[in-house]
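**Student:** Next come the chains, spelled out residue by residue.
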Amino acid sequence: MYYIYYLLFTATLYALSVTGGRAGRLFLSAGLLIHVSFTAHRTIILGDMPVTERLDVLSLMGLATMALYLLTKRKRSIKNIEYYMIALSCFFVLSAVFYSPIDSVSQFMRTPWFYLHSLLNVLSYAMLGLGAALGVVFITGGDEAMERLQYRHTLYGWIAFSLSLLTGSIWFFLAYGSYWYWTSKELWASLTWFYYGIYLHARLLGGLKGRPAALIGALCYPLLLFSYFGIGTVIKSPWTQF
Amino acid sequence: MLKRTADFLVSLKTAIWALSIVIFLFFAGSLIVPDNMEHLSDINDVLLFQWLFGSKPSVSWWIYALLAALTFTALNIMVCGADSLIKKLSPRRFLQSISPQVIHLGVLLFLFAHLLTASTGLREEVLLKEGGTARFSNGSGFHVEKVMAEYTSPTETFWAVRGRWLNAPGKEEPAVIMPAKPAFHNGLWLFIKSADPDTRKVSLMLREDIGALWALAGVAVFTLGCVLFLSGRPWKTEKP
Chain A
2 MYYIYYLLFT ATLYALSVTG GRAGRLFLSA GLLIHVSFTA HRTIILGDMP VTERLDVLSL
62 MGLATMALYL LTKRKRSIKN IEYYMIALSC FFVLSAVFYS PIDSVSQFMR TPWFYLHSLL
122 NVLSYAMLGL GAALGVVFIT GGDEAMERLQ YRHTLYGWIA FSLSLLTGSI WFFLAYGSYW
182 YWTSKELWAS LTWFYYGIYL HARLLGGLKG RPAALIGALC YPLLLFSYFG IGTVIKSPWT
242 QF
Chain B
6 MLKRTADFLV SLKTAIWALS IVIFLFFAGS LIVPDNMEHL SDINDVLLFQ WLFGSKPSVS
66 WWIYALLAAL TFTALNIMVC GADSLIKKLS PRRFLQSISP QVIHLGVLLF LFAHLLTAST
126 GLREEVLLKE GGTARFSNGS GFHVEKVMAE YTSPTETFWA VRGRWLNAPG KEEPAVIMPA
186 KPAFHNGLWL FIKSADPDTR KVSLMLREDI GALWALAGVA VFTLGCVLFL SGRPWKTEKP
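So the protein lines, in turn, are chains A and B.
According to our numbering, numbering within the first sequence proceeds without interruption in unit steps and concludes at 243.
According to our numbering, numbering within the second sequence proceeds without interruption in unit steps and concludes at 245.
Do not take every clue at face value.
Cross-link-like lysine-lysine pairs, in silico, DSS-like; alpha carbons within 25 Å at most [stated by the list, open to error]:
#1 B:Lys198 x A:Lys237
#2 A:Lys237 x A:Lys186
#3 B:Lys18 x B:Lys8
#4 B:Lys61 x B:Lys134
#5 B:Lys93 x A:Lys210
#6 B:Lys18 x A:Lys210
#7 B:Lys134 x B:Lys186
#8 B:Lys186 x B:Lys176
#9 B:Lys8 x A:Lys186
#10 B:Lys134 x B:Lys8
#11 A:Lys210 x B:Lys151
#12 A:Lys210 x A:Lys80
#13 B:Lys198 x A:Lys186
#14 B:Lys92 x B:Lys134
#15 A:Lys186 x B:Lys61
#16 B:Lys134 x B:Lys18
#17 B:Lys151 x B:Lys176
#18 B:Lys206 x B:Lys186
#19 B:Lys61 x A:Lys237
#20 B:Lys186 x B:Lys151
#21 B:Lys151 x B:Lys206
#22 B:Lys61 x B:Lys8
#23 B:Lys151 x B:Lys198
#24 A:Lys210 x A:Lys76
Derived from the structure by calculation, the hints contain no laboratory data.
The structure displayed is predicted, hence computed values, not measured ones.
Construct the complete structure from the given sequences, taking the supplied hints into account.
**Tutor:** Here's what the structure looks like:
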């Protein structure tokens, strides 16, 4: 049950950091310290990178989202972005609470290709989350620079997502003899990839800009979240572990 | 007529419509697959085209439609790519004009790989004991010398198989197979599916898949295209 306390405490501190000012910075630093130490704890228990099952992956997604928010904050001031990014980070961390830790790693996953696939996946969720958040900031009254930033971060995130799918295919072939399986997980991941592809093409070539672009770009993210959370729960799939 | 067809094929609207249809078919499939597992249980065990010809239309219609939509999308990518290179390729904007087409080439290679995997290849499974020998339908063989299977913890196992490929006499090749570390020989892959620590039996799977190498080529080209595209910093040429 230790993980529940770690994760709840982390999410609470992240949420309190929204207050801003010196207190906000202290809460954020404390939250990060606890989150990083939880990750280190899981690494020691597993004797491996904590990237193989839901609790750890969701926790990492929360950590990556927070790290990306802090990096973005250092480069430029974006009004209200902290609400969306901290909320997203808390969402990932609190979601992890609903999964029990599995304190072992299957031999099938002890391979660099799986680690790369999982890490790129975590990075892509954080990047695409930032892209969606920037879109929402623009729609709710931000300036046009936010929409351009949304496009840029969505592009980065889509490339990371693409590479995550491709390294995942390589791993799957080496582990199970096939780089594609006809299950809802693969189908929904592909569907999400193509949807982002439409947004990027329309944005770059089709003159899609402003509010319509921001809205279409932001709507990609719920699809992505559904491919992780909805497949295996709402839509049945054999791949429920990660 | 020819000009109208060409204009239709190079149109971004056509591309977006094609991708939208592909998305819809993936969505339909994600709903159909889990509700029809009794008809789809072996779809991943045989060649796709082989499975399709014996399948129930109410369960497989979306795969036929997806094949058609992806074929059209591939054609659209090729025509648009060629048109773009003809019109936009210039020494000044070389990276910006070539990099999207390298990405598209990677996607095309991946689609081609799927086509090969769906139509050709070999897949056989065998259960062997330590000291056992398997002969596969393509004439190749594998002899299992030792099966290593043990519980490293209550929830973790360690599996490994040591053996040798049986080719012509005197040309046998040793191999060690572990989960996610298959043996490869003469275009054939041998995977370990499971091993029993108590009976020392191991389940192996032989695969021949030419598409896999084309898929790998697609991965490499796509990755290169992405690196080139980002190097060109496409957001910098945008007008505010």
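**Student:** Determine for every hint whether it applies to the structure shown.
**Tutor:** Quick rundown of the hints versus the structure:
{"no.": "1", "hint": "B:Lys198 x A:Lys237", "result": "holds, 24 Å"}
{"no.": "2", "hint": "A:Lys237 x A:Lys186", "result": "holds, 9 Å"}
{"no.": "3", "hint": "B:Lys18 x B:Lys8", "result": "holds, 16 Å"}
{"no.": "4", "hint": "B:Lys61 x B:Lys134", "result": "violated, 38 Å"}
{"no.": "5", "hint": "B:Lys93 x A:Lys210", "result": "holds, 22 Å"}
{"no.": "6", "hint": "B:Lys18 x A:Lys210", "result": "holds, 16 Å"}
{"no.": "7", "hint": "B:Lys134 x B:Lys186", "result": "holds, 20 Å"}
{"no.": "8", "hint": "B:Lys186 x B:Lys176", "result": "holds, 22 Å"}
{"no.": "9", "hint": "B:Lys8 x A:Lys186", "result": "violated, 41 Å"}
{"no.": "10", "hint": "B:Lys134 x B:Lys8", "result": "violated, 66 Å"}
{"no.": "11", "hint": "A:Lys210 x B:Lys151", "result": "violated, 63 Å"}
{"no.": "12", "hint": "A:Lys210 x A:Lys80", "result": "holds, 21 Å"}
{"no.": "13", "hint": "B:Lys198 x A:Lys186", "result": "holds, 21 Å"}
{"no.": "14", "hint": "B:Lys92 x B:Lys134", "result": "violated, 63 Å"}
{"no.": "15", "hint": "A:Lys186 x B:Lys61", "result": "holds, 22 Å"}
{"no.": "16", "hint": "B:Lys134 x B:Lys18", "result": "violated, 59 Å"}
{"no.": "17", "hint": "B:Lys151 x B:Lys176", "result": "holds, 20 Å"}
{"no.": "18", "hint": "B:Lys206 x B:Lys186", "result": "holds, 18 Å"}
{"no.": "19", "hint": "B:Lys61 x A:Lys237", "result": "holds, 21 Å"}
{"no.": "20", "hint": "B:Lys186 x B:Lys151", "result": "holds, 16 Å"}
{"no.": "21", "hint": "B:Lys151 x B:Lys206", "result": "holds, 10 Å"}
{"no.": "22", "hint": "B:Lys61 x B:Lys8", "result": "violated, 40 Å"}
{"no.": "23", "hint": "B:Lys151 x B:Lys198", "result": "holds, 16 Å"}
{"no.": "24", "hint": "A:Lys210 x A:Lys76", "result": "holds, 24 Å"}
Hint compliance for this structure: hints 4, 9, 10, 11, 14, 16, 22 are not met, and every other hint is.
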